[in-house]
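Peer 1: These are the residues of each chain, in order.
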Amino acid sequence: QQQVKQSPQSLIVQKGGISIINCAYENTAFDYFPWYQQFPGKGPALLIAIRPDVSEKKEGRFTISFNKSAKQFSLHIMDSQPGDSATYFCAASRFGSSNTGKLIFGQGTTLQVKP
Amino acid sequence: AAGVIQSPRHLIKEKRETATLKCYPIPRHDTVYWYQQGPGQDPQFLISFYEKMQSDKGSIPDRFSAQQFSDYHSELNMSSLELGDSALYFCASSLFSDTQYFGPGTRLTVL
Chain A
7 QQQVKQSPQS
17 LIVQKGGISI
27 INCAYENTAF
37 DYFPWYQQFP
47 GKGPALLIAI
57 RPDVSEKKEG
67 RFTISFNKSA
77 KQFSLHIMDS
87 QPGDSATYFC
97 AASRFGSSNT
107 GKLIFGQGTT
117 LQVKP
Chain B
80 AAGVIQSPRH
90 LIKEKRETAT
100 LKCYPIPRHD
110 TVYWYQQGPG
120 QDPQFLISFY
130 EKMQSDKGSI
140 PDRFSAQQFS
150 DYHSELNMSS
160 LELGDSALYF
170 CASSLFSDTQ
180 YFGPGTRLTV
190 L
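For the protein sequence lines, the chains are A and B, in the order given. Per our numbering, residue 7 is the first one in the first sequence, and the count goes up by one each step. Per our numbering, residue 80 is the first one in the second sequence, and the count goes up by one each step.
Hint data in this document are derived by calculation from the structure and do not stem from the laboratory. Wrong hints could be hidden among the right ones.
What the hints assert, rightly or not - Subject to a maximum C-alpha distance of 30 Å in a straight line, what follows is the list of computed DSSO-like cross-link-like pairs (lysine-lysine):
1) K63/A to K92/B
2) K63/A to K11/A
3) K92/B to K48/A
4) K136/B to K77/A
5) K48/A to K101/B
6) K74/A to K94/B
7) K48/A to K64/A
8) K11/A to K136/B
9) K64/A to K77/A
10) K74/A to K101/B
11) K48/A to K136/B
12) K21/A to K11/A
Said to hold, decoys possible - Over the 10 Å line for every Cβ pair with chain B, so calculated as not near, a few chain A residues:
13) S13
14) P14
15) G23
16) E32
17) A35
18) P58
19) V60
20) F72
21) A76
22) S80
23) P88
24) F95
25) G107
26) Q113
27) K120
28) P121
Model, not experiment: these values are computed from the prediction. Backbone N, C-alpha and C define an ideal beta-carbon position, used for all residues, glycine too.
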């Protein structure tokens with residue numbers, strides 16, 4: 007059972023366009039939602055993360071929108087560039103005295119930005 | 080800035096052999112996580128350690144074991160390797176349960 011569902015599976019965007027990737031989660035105990043970028047054969051690299059006490063977080067061209075009531079969050083990449091072509095994973099975890107922060111990943115989205 | 084170091088980067092083994100993967104966390108990080116990523120799949124959590132004690136366990140086969148040593152490096156031991164164990168194995172480290180930083184991974188191929 008996939009606890010974090012991600013869509014779309016693949017995405018093609020023109021250079022300069024906006025890339026939007028969506029995720030939905032089931033467990034309301036999750037309280038940390040990061041996005042990772044992964045290039046082929048490389049380790050995931052943290053892009054941006056959000057906690058449920060805010061509805062939006064922006065860092066440069068990357069923005070996370072978070073909807074706690076809908077249990078959904080999304081990544082927006084503004085002014086998409088060919089160098090953004092990679093696989094993007096959303097993830098969720100929960101902290102606390104009895105939890106360890108293990109990441110539960112979505113299925114991933116392969117983004118291709120065309121020049 | 081120092082990153083997570085994993086060795087070896089590539090490993091080729093035969094079925095039923097054993098493999099040992101090593102992870103050196105970012106200095107002062109006290110928590111290590113291991114993930115397995117199959118081709119075209121998302122990373123799956125295997126096991127984690129906090130202050131040298133196992134803190135959580137995921138879908139890790141009984142053939143696998145891991146530990147964290149006094150210098151905080153961690154090793155994942157895999158025995159009786161199967162073809163299905165071929166994957167990328169990532170180690171991530173964090174300070175307590177904060178942001179996880181991933182290493183470059185070890186690509187294990189079982190023939």
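Peer 1: Does the alpha-carbon distance linking K63/A and K11/A stay inside the 30 Å limit?
Peer 2: Judged against 30 Å, a Cα distance of about 21 Å means the pair holds.
Peer 1: Regarding the pair K11/A and K136/B, is the alpha-carbon distance no greater than 30 Å?
Peer 2: Judged against 30 Å, a Cα distance of about 22 Å means the pair holds.
Peer 1: Beyond 10 Å from every chain B Cβ: check whether that's true for G107/A.
Peer 2: Non-interface label on G107/A violated, nearest chain B Cβ at 3 Å vs cutoff 10 Å.
Peer 1: Given the hinted pair K48/A and K64/A, is their alpha-carbon gap at most 30 Å?
Peer 2: Given that 30 Å is the threshold and the Cα spacing comes to 25 Å, the pair holds.
Peer 1: Run the distance test for K74/A versus K101/B: straight-line Cα separation, threshold 30 Å.
Peer 2: At roughly 38 Å apart (the allowed maximum being 30 Å), K101/B and K74/A break the hint.
Peer 1: Decide if the proposed pair is consistent with the structure: K92/B and K48/A, CA atoms, cutoff 30 Å inclusive.
Peer 2: Given that 30 Å is the threshold and the Cα spacing comes to 21 Å, the pair holds.
Peer 1: Holds or violated: is the Cβ of F72/A farther than 10 Å from all Cβ atoms of chain B?
Peer 2: Correct as stated: the minimum Cβ-Cβ distance to chain B is 17 Å, above 10 Å.
Peer 1: So A76/A supposedly isn't at the interface. Is its beta-carbon more than 10 Å from every beta-carbon in chain B?
Peer 2: Since the minimum Cβ distance to chain B is about 22 Å, A76/A lies beyond 10 Å and the statement holds.
Peer 1: Checking one constraint from the list: CA of K74/A to CA of K94/B, max 30 Å. Satisfied?
Peer 2: violated, 46 Å
Peer 1: Verify that the Cβ of Q113/A lies farther than 10 Å from every Cβ atom of chain B, and report whether the claim holds or is violated.
Peer 2: Contrary to the label, Q113/A does not stay out of reach of chain B, its closest Cβ about 5 Å off (not over 10 Å).
Peer 1: According to the definition I'm using, a residue is off the interface if its beta carbon is farther than 10 Å from all beta carbons of the partner; does V60/A meet that for chain B?
Peer 2: Label holds. Min Cβ-Cβ 16 Å, cutoff 10 Å.
Peer 1: Hey, K136/B versus K77/A, does the alpha-carbon distance stay inside 30 Å?
Peer 2: At roughly 26 Å apart (the allowed maximum being 30 Å), K77/A and K136/B satisfy the hint.
The structure does not agree with the numbered hints 1, 6, 10, 24, 25 and 26 stated previously, though it agrees with the rest.
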